[in-house]
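Q: Protein chains in written order, with our numbering: chain A, 79 to 355; chain B, 36 to 297.
Source of the hints: derived by calculation from the structure; they are not laboratory data.
For every residue, glycine included, the Cβ atom is placed at its ideal position computed from N, Cα and C.
Please note that a few of the clues may not be correct.
To be verified - A few chain B residues that face chain A, going by a derived Cβ cut-off under 8 Å, partial list only: (1) Val-65; (2) Asn-189; (3) Ile-197; (4) Phe-198; (5) Gly-212; (6) Phe-287.
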Amino acid sequence: MYSYEKKDVILKVENVSLTLGDSQILKDINVEIKDVVRPGITQGQIIGFLGPSGIGKTKFFEMLSGIIPINNKNALGKVSIGTNLEPVKIGSIGVIQQNYPLFEHRTIYGNLDVSAKIKYKDKKEREERILDILKRFDLDKKKTSYPSELSGGQRQRVAIAQQILCSNNFLLMDEPFSGLDPLMIKKVSNLIVEVANMHELNTIIVVSHDILSTAAIADTIWVMGRDRNEKGEIIPGAKIKHEFDLIEKGLAWRPNIESTPEFHRFYDELRNLFTTL
Amino acid sequence: MKKIIDLFTPNKKIDKSTFLIMAFGQLLFVLCVWIFMAPDLIPRPLGILKAWANLASTGGLIQDLYISLKLCFHALLISVFVSVIIAYSTLLPFFRPMGFIASKARFLPMIGLSFVFTLLSTTGYDLKIKLLVFGMSVFIVESMIKIIQSVTDNEYNHARTIFGNEWKVVYERVVLGKAHEILSAVKQNFAIVWTMLTFAEGLVRSDGGVGAMMLNENKHLQLDSVFAIQMSLFFVGILIDYLFGLLRSTLFPYADLSIKKR
């Protein structure tokens, strides 16, 4: 086991509900993330956010990021982030969407520059940050290329770099493993872990239905589901039904965790859980 | 034999030399049909060439072509300006009905509006400009609105997570992001001006122009000359199309990258 300490709450979701038309999509979601501190190590966090297709993961994702603003009409509750727990607003959480939209009319450098301008007003500092992140993400040779000249993996890295440059330590990733072969999944997993560990307060929320890949890199798992009535019928309105602390279970921060029997037992537990959601 | 089968296989890529031979063969076939099988009334290529030389040397074709091109580009500049304002303003809910009506105005026949435009104009040139601007703008607005609406929610949301401010989002995603498509829409719709030119120049023949020239030659059944003018417009049109393409690839080098990949 590793020594660690859970400190301040850095993301808090309180009573978040969403109604679209007559449909209750989300209902009374309450979760929080605490900063995990490990002595001598820069340890970011990865939250795996699982749930069956069509349950409302993307809508929750959009509420977390401020894309759907809390308006006290159909979108209720409170989402706060950072050590001061300030209300979330669009732009304060980085969002990496599934198909990695970029600005196709800008070069890779231009894509990063337009995003870095939000936080770094000084041109020289901005340039240094961009060149540093290009190098870290092995994109320095592509800085003058346009997005349509990149492979899927390179686009993903640019999308992550772009959001890192403008957001405040929080990144939401929508289905980062979707449509990838096992080798690419491994590469993307390594990238997510690397990005999380770039800064102590970095927190990455991975929304996915790939249980295995998500659980392998996460230190916390949220499972979204819906309640059922006495007849077994689904009650509308998804919520976080289960939360697993993988650090406590000894299943976090271990390389090649996928090959251990205890991970497989946990994976089976999660998979069986899906049938009840 | 395989190369011939390839020519009739969907999406088959053929090499450049095969393509050139095929295109030359098709051109030769059309010329043969034209020369040997077309009705006697239809002028032959040699007659058209002679008529073109005659019009160019003594008939004032070059001057009239210049007059018409100047008119067309003047009208195009105003049309683009008007269309951009109308189309971009549809991003604001207040102006959406105006954009909708402007794009639907393309169903109005020009002939029915010529009297209204005559009343609104002070000179013959002014009348022609107004007619061409109206005729082109209604089509350009329609294309531009479609381009603006083609920005997906995902693309907007991506820009929102970076800028936060909706004006900046629109500037980045629509104004900058779609500029190359807007230029393509202008290029595609510029051809419409040729179809309206005869009508507009026919109303004010005193200013000259190839439209007026074509109507005069048609009136006297000088079909060789009519075809010669048509051919001039055809080749000028191709040249303008090419220049628009050149402008697009120079201003927006990213525009065709994904197409080339396909």
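Q: Now look at each hint and say whether the structure bears it out.
A: Status of each hint after checking the structure:
With a least beta-carbon distance of about 37 Å to chain A, the hint placing Val-65 (chain B) at the interface is violated under the 8 Å criterion. The restraint placing Asn-189 (chain B) at the interface with chain A holds, with a minimum CB-CB distance near 5 Å, inside the 8 Å limit. For Ile-197 (chain B), the shortest C-beta to C-beta distance to chain A is roughly 5 Å, which falls under 8 Å, so the interface hint holds. A cut of 8 Å between beta carbons decides the hint on Phe-198 (chain B): the least distance to chain A is about 7 Å, and the hint holds.
Taking 8 Å as the C-beta cut-off, the interface hint given for Gly-212 (chain B) holds, the closest approach to chain A being about 5 Å. Because the beta carbon of Phe-287 (chain B) sits about 7 Å from the nearest beta carbon in chain A, less than 8 Å, this interface hint is met.
Of the numbered hints listed earlier, the single one contradicted by the structure is hint 1.
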